[in-house]
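Just so you know, the protein sequences line up as chains A and B, in that order. To convert, take the position in the first sequence, counting from 1, and add 1414; that gives this note's numbering. To convert, take the position in the second sequence, counting from 1, and add 33; that gives this note's numbering.
It is possible that part of the hints are untrue.
[Unchecked claim] Only some residues are given here: those of chain B computed to face chain A with a beta carbon under 8 Å: (1) G75; (2) F78; (3) Q83; (4) G92; (5) S95; (6) T131; (7) G132; (8) G138.
Simulated from the structure, these hints should not be mistaken for laboratory data. We put the CB at the ideal spot given by N, CA and C, even for glycine.
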Amino acid sequence: QKEVEQNSGPLSVPEGAIASLNCTYSDRVSQSFFWYRQYSGKSPELIMSIYSNGDKEDGRFTAQLNKASQYVSLLIRDSQPSDSATYLCAVNPSSNTGKLIFGQGTTLQVKP
Amino acid sequence: GAGVSQSPSNKVTEKGKDVELRCDPISGHTALYWYRQSLGQGLEFLIYFQGNSAPDKSGLPSDRFSAERTGGSVSTLTIQRTQQEDSAVYLCASSGRTGDEQYFGPGTRLTVT
Chain A
1415 QKEVEQNSGP LSVPEGAIAS LNCTYSDRVS QSFFWYRQYS GKSPELIMSI YSNGDKEDGR
1475 FTAQLNKASQ YVSLLIRDSQ PSDSATYLCA VNPSSNTGKL IFGQGTTLQV KP
Chain B
34 GAGVSQSPSN KVTEKGKDVE LRCDPISGHT ALYWYRQSLG QGLEFLIYFQ GNSAPDKSGL
94 PSDRFSAERT GGSVSTLTIQ RTQQEDSAVY LCASSGRTGD EQYFGPGTRL TVT
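Isolated chain B, as found in the complex:
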């Protein structure tokens, strides 16, 4: 079946602009996660959605970052007033339920100039 999809695959933006990154999880998966991977850094947890529960936002690095998940499926990660340090690959993953194996999408490479 179809895996996790993300769009766009690449995004170049100017410092100070807002960006939206989209994730479409595996059909039927109730849990959705956002991570980011910077050059030379490990994978860093950002936010996690499980069904209709309040999301775990504990990994968001600043209030410029927000995410929503509409209808329990597609999620959008928004970064406002982008900074150069936001440049990274943003990865989305989904799992059948909390604690299950997570499957990653191809990622969105964000470059802030």
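Next comes chain A alone, as it looks inside the complex:
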């Protein structure tokens, strides 16, 4: 079983719609969770971090964390063609280590 799992997609949504990206993780004691956006040929760019259960909103982005279900998601409201990219879910399994475990990423396509 992979430690961090994401649907590879592609996830295709029309412009203006809500895109929902999901991620599950296997290590129940994981402490912190991150979403990165990666455009083709570029390095990952941090979008959101979330550390406690519930929702965290930042502009058009909302991260949701459910530790009991070992599930973290990212919602993108009013999706734009410029949101088309690969979205990487990353998990820090322990407060004693800095390393992140990444999912394989979900490719999002926003169609005008």
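Dock chain B against the given chain A, drawing on the hints supplied.
Frame of chain A, contents of chain B only:
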């Protein structure tokens, strides 16, 4: 302010040669990480430095890989006797402290011919 910088941006080397990749973290960040991303593969953790503590080398794939961090700032990742399977994008990230948000540099694309 300035972000994480890496050099070179691209490196082509012959199989068997040694290479050095450099990372300059965000000023004031005490934690520095190396990852690599191969075509079709996810981001793979290599090594992590936190202040003056011993580095976490648990992700290094073989003893041909080593890294150091001088003066708590700049880091160099060295790959000895490069192999074709070492071809990947090597990414450096830094954070204010362990567990904080990590910010990535632009990466070094290594091609071993």
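Hint check results:
1. Hint status for B/G75 relative to chain A: holds, with the closest Cβ pair at about 5 Å, below 8 Å.
2. Interface restraint check: B/F78 against chain A, minimum CB-CB distance 4 Å, threshold 8 Å, status holds.
3. The closest approach between the C-beta of B/Q83 and any C-beta of chain A is roughly 6 Å, which is under the 8 Å cut-off, so the hint is satisfied.
4. A cut of 8 Å between beta carbons decides the hint on B/G92: the least distance to chain A is about 7 Å, and the hint holds.
5. Taken as an interface hint, B/S95 does not check out: its beta carbon lies about 18 Å from the nearest beta carbon of chain A, beyond 8 Å.
6. Checking B/T131 against chain A by beta carbon gives a least distance of about 4 Å; that is within 8 Å, so the hint holds.
7. For B/G132, the shortest C-beta to C-beta distance to chain A is roughly 5 Å, which falls under 8 Å, so the interface hint holds.
8. The beta carbon of B/G138 comes within 6 Å of a beta carbon in chain A, closer than 8 Å, and the hint placing it at the interface holds.
Of the numbered hints listed earlier, the single one contradicted by the structure is hint 5.
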